[in-house]
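Novice: Protein chains in written order, with my numbering: chain A, 5 to 233; chain B, 979 to 1703.
None of these hints come from the bench; they were simulated from the model. The model shown is predicted, which means the values in this text are computed figures rather than measured ones. Check each hint, because a few of them may be wrong.
Said to hold, decoys possible - Simulated pairs of lysine-lysine, DSS-like, Cα-Cα distance not exceeding 25 Å:
id, chain 1, residue 1, chain 2, residue 2
1, B, Lys1185, B, Lys1329
2, B, Lys1420, A, Lys222
3, A, Lys113, B, Lys1111
4, A, Lys222, A, Lys133
5, B, Lys1531, A, Lys222
6, B, Lys1257, B, Lys1166
7, B, Lys1308, A, Lys45
8, B, Lys1114, A, Lys113
9, B, Lys1420, B, Lys1166
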Amino acid sequence: MQAAVIVFPGSNCDRDAKVALTSSMGHEPHMVWHRDADFPKVDLIVLPGGFSYGDYLRCGAMAAHSPAMREVVARAKKGTRVLAICNGFQVATEVGLLPGALIQNSHLKFVCAEVDLKVETNQTEFTAKCRPGQVLRIPIAHADGNYIADAETLDRLEGDGLVAMRYCTPDGRVVAEANPNGAARNIAGIFNAERTVLGMMPHPERLADPALGGTDGKLILDSLVEALS
Amino acid sequence: MNLSPEVVAAHGLTQDEFKRVVEILGRTPNLVELGIFGAMWSEHCSYKSSKKWLRQLPTEAPWVICGPGENAGVIDIGDGQAIIFKMESHNHPSFIEPYQGAATGVGGILRDVFTMGARPIANLNALRFGDPKHPKTRTLVNGVVRGIGGYGNCVGVPTVGGECTFHPSYNGNILVNAMTVGLARTDKIFYSAAAGIGNPVVYVGSKTGRDGIHGAVMASAEFDDKSEEKRPTVQVGDPFVEKLLIEACLELMESDAIVAIQDMGAAGLTSSSFEMASKGGVGIELDLDQVPAREPKMTAYELMLSESQERMLMILKPGREDVARLIFEKWELDFAVIGRVTDTGRMILKKDGAIAADLPVAPLASNAPSYDRPVRMTVPPAALGDVAPAGDTADALLHLIGSPDLCSRRWIWRQYDHTVMGDTLIQPGGDAALVRVHGTQKAVAVTTDCTPRYCKADPEMGGTQAVVETWRNITATGALPLAVTDCMNFGNPERPEIMGQFAGCIEGMRKACLALDYPVVSGNVSLYNETQGQGVLPTPAIGGVGLIQDLSKAVKVAPKADGEVLILIGETRGHLGQSIYLRELLGREDGPPPPVDLAVERRNGDFVRGQILAGHVTACHDISDGGLLVAVAEMCLAAKRGAGISLPSGPAHAIAFGEDQGRYVLAAAPEAAETILAAARTSGVPAFPLGKVGGDALTFGGSRAISLRELQTAHEGWLPRYMEG
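Extracted from the complex, chain A is given alone in its bound form (with noise of 0.2 Å):
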């Protein structure tokens, strides 16, 4: 298996999501500057987190018009898998790959903790190493992770089962207290139709090794290389 990070002028969990997928697949990404739109042939292209751009002018809104995110457009379109981390989950919906927007938090600061994650499916490539329905614990890092879309939209995000993971309590319950920013129905991260591309706000590269308190990103990681591989 062969992936790729793209790397944005204030992108800084580009080297996190490289640690992670080494350790996960044996091997090193391919890291992409954002101007590069000839970068090889690859199975998985991360879009990490940070601040492309700064984020001045919205999340995401500056990096969509990156060289590198046309090209990685028109690969998803192909069918390359692409994991969409946090700022990259910003990036991927001003793109249009995935429907909605992430909005400023409803208390309106940064959140950095770790949160309780329920696992909607593990029907996918992005989840498969999950049980269905466990609780992950991953944390969060963001100010702007409060995910809107229209009723209609939700609705069918449900119904399609394209929501990939919820807020939740440690024991799995999807209630109002633990959702850390606001999301409606506590959505976390969602997949596209074909289920190619998973947005998500937490960070699975920031606990994927013991030493740090746990590895229950790494399931998500570890699932996309056994299924890409």
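Using the hints, position chain B against chain A.
Specialist: Showing chain B alone in chain A's frame:
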């Protein structure tokens, strides 16, 4: 040119200092030159009141690669790796404009560290605010925390620790001290001394604007009721550009193109160019028309004194301009050759084809005024007599653990990204934070500490205690403390009692650093923290750094299992002078601070570290503010486990809440606990088995059971409630 006394005073120079300027030049300076002298000779840049005292601090050890005098201190951590770190104040700007003041404080200290070749791996911050009831406090807390987070989160360096306390003495002068810790290779450390006659002087980073002009002068004066009108002197930060600057500089540092590099901090282009020339014993000629400017028609005065952020000055090897330019263009940063190194020993600034300033470098940078200001030493107060208890011990614990200085800081550190970079092993909320040295089994322990109320009552003991508390916090993780940075925040040095506080704290720090083999490798002095004649509590904030060779041996504050034994290490006498108990429950801020016996401190700490590294200990917490019972309660909260303990004999309130030094609480499995107690007897270390971990409540010495829920509600409640107003 005729310079009125008002113009001279507006540049922060006394008439005597101005006479000295005229003597050095052999003529009256022009306005540009006066501005440069004013900035370079400000307290902030010249350390003119504090130099004499700072020289007394121990700065050497076999593992010290570079001590004070460079942008940051450098220590060797083996395997060809170095840790580079420093703490710096951004007090005055943060009071005037809390968000940008705090944000640019973080930006400035990051640059001090990466300019030496280190990738920043951790940020910390030591914050002091006024009385929570003061009308400005809430806004300041909110702005400062958002500013620190806004900057640090964007650059992608984890903010892993620090401290935050409240006291009315900071009502008009909050303290915002930011610390950065970076990781470098010992063969890739960069210094600031310019060298190589004819070498290009290169400007990189953001463009220069009209912001922050006179920041260094402002930071060197007392506040008055017009201080908030100084808002235009506060700079505005751009963390996105800082992130690009970090990556571009580190990329260029991989080559061998750089001779010297220096960030543009206080007094911007002036101090960076003069410091580089002065350290190298050379001259520099700058063509100010080449400086990337944000707006047209900026004058030489403005270009030299602007404190626009995210800028660096470099001396490159000849012919390497193009290599460097490509890297900075890749990162979309400004890059301009703005001058040359010369052999004249003079700083010559050209603007619009004319000479705007012509100054000798050496007298300006090295021969700045130095003052031996009058000193009146503080007389420490007499010992307190017996202190009657303020009600029930259990109630007192709940009160203390929910008080402004002891409650949970979660509201703060949730707003800081503390897990980015994937190496944070011990997150905020413990003793020291622990950050893995990327790609290795080593980890660095980092902490900031100071107990200003101790420093006020007895500056020497307070200075000692501040150093010792960082040493203890690092020790409590299992790491070996290696070196410190200091950030000395005091009032007006022209008042003898303030200089007495300064001198006393330095003496206490000196003794502690010597006794613990724990040198000072970098630091910063912030004086004039006064408003209308009211100085802040003397606050020598200490940032400590330690190393653990095998991160798997490190421990946290949370016991791991029910049935573990809690052991108190160190002697408990019940010292209540200057304690939080005395202040919070009895409304008294009197008595002497608890004495520190440095030999005992070292013995107890070395014992604790040895037991941790031997694998006998499952959790460890140092005992500091609030005393023994607060420490045990914090361990229970971290573990979400109760405990049943008995207290050593003596008056319950003094034993529970006295702040005797040199103490730790360890947790250990029963068999290991026996081993620890036996080892303590052999080593002559006082050790007292307190009781056992377990259940869902904390009980002690026959008190009522305090449920974990009660403890947690008290501990987590105050700060969010306060901030919601």
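Novice: Could you run down the list of hints and mark each one as holding or not?
Specialist: We went through each hint and held it up to the structure:
1. Lys1185(B) x Lys1329(B): 17 Å, holds
2. Lys1420(B) x Lys222(A): 23 Å, holds
3. Lys113(A) x Lys1111(B): It holds: about 23 Å lies between the C-alpha atoms, which stays within 25 Å.
4. Lys222(A) x Lys133(A): 10 Å, holds
5. Lys1531(B) x Lys222(A): Satisfied, since the Cα-Cα distance of roughly 24 Å is no more than 25 Å.
6. Lys1257(B) x Lys1166(B): 19 Å, holds
7. Lys1308(B) x Lys45(A): 24 Å, holds
8. Lys1114(B) x Lys113(A): Distance of about 20 Å is within 25 Å: holds.
9. Lys1420(B) x Lys1166(B): Since the Cα atoms of Lys1420(B) and Lys1166(B) sit roughly 20 Å apart, the hinted pair holds (cutoff 25 Å).
When held up to the earlier numbered hints, the structure conflicts with none and fits them all.
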